[in-house]
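Enquirer: Sequence:
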Amino acid sequence: MDIKKLTIFINLAETRSFSKTAINMHVTQPTVTHTIKSIESEIGTQLFNTNKHYVTITENGKTFYHDIKPLINNYYSALQNIKKKNLNAASQITIGYSYTPFNQTYLPIWINNFHKINPNIKFNLTDLNHNDFKQDLISNNLDLVITTGRDAQGLSNIKRTILFSEYFKAIVPNDNILSKRKILNINDFTNQNMLFLDNTWAAIDLISLQNKIKNSVSNINITYANDISALDLLIKSQQGIALGLYCLYPELEGNSCYIPLNWKSKVELAILTSKTNRKKAVNSFIKSIVAYTHNITFNKN
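For the sequence shown, counting from 1, position 102 maps to 109 in my numbering; every step adds exactly one.
Calculated from the structure, these hints are not laboratory results. Each hint should be verified, as a subset may be incorrect.
[As the list claims (entries may be wrong)] In silico DSBU-like pairs for lysine-lysine, Cα to Cα no more than 35 Å straight-line:
1) LYS287 - LYS243
2) LYS141 - LYS11
3) LYS69 - LYS12
4) LYS90 - LYS44
Input sequences plus hints: build the corresponding full structure.
Expert: Here is the structure:
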């Protein structure tokens, strides 16, 4: 049975006036009459007694009214709750990311700048590894993910927004002889201590390069870091040579330096979103990140 029909019935039971109900429900009086007859025909009983001067509700009408009104109230209450939930969701942006010095530096700036202009937007942050974010992104549990562009491979319903691209570099301690070189080849890592990131936290681009070095250089000592924060500590304590990007390490400590690496695969820093995400706030936030990133001054070579 149509909800609108039931709402007209409830209003008539309360006003006992076809004309008042027509005004209240923004319909014509014949529409009210037709609706009541339709309900009576459907349930097989008379709900009102009417004549030219008055409207009275029958005993069956009273029973039907008392049974159906709470259901209609619950229906409209449920609609309001859903609308409120959707409104709250539309004013929230949930970001999936992995800890990196880059994200640690720039995410607070991006969020703060956007929030100054859009104070009603609330941000939620979820720290994820590269194996966990894909399903959450597809199902819109995450609004966006900051990662490398190749992480979107195999995800047909994902939109990529490229912030910038760059080549891998080696992060070399200043007291290592390789820090004096203009460029490094993979074979230069022979007899070196290397710092690798565990595959759970490494992007596809980094995994490919780590595997290439591991399989190409026979005499090499590799230390694996469980996550980027652990790798960051190993780099700062000069425990070996790491593989770096500005989108991971925008700045280095004074005891290490970037040396270009002869590895032609370019890495894209990207924002991934689901194509089914329709939040205007998400699109506006991404545009603000793109605009800010274009003004970052580190060399994107």
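Enquirer: Now tell me, hint by hint, if it's right for this structure.
Expert: Here's how the hints hold up against the structure:
| no. | hint | verdict |
| --- | --- | --- |
| 1 | LYS287 - LYS243 | violated, 41 Å |
| 2 | LYS141 - LYS11 | violated, 42 Å |
| 3 | LYS69 - LYS12 | holds, 16 Å |
| 4 | LYS90 - LYS44 | holds, 33 Å |
Violation of the numbered hints given earlier is confined to hints 1 and 2; the remaining hints are satisfied by the structure.
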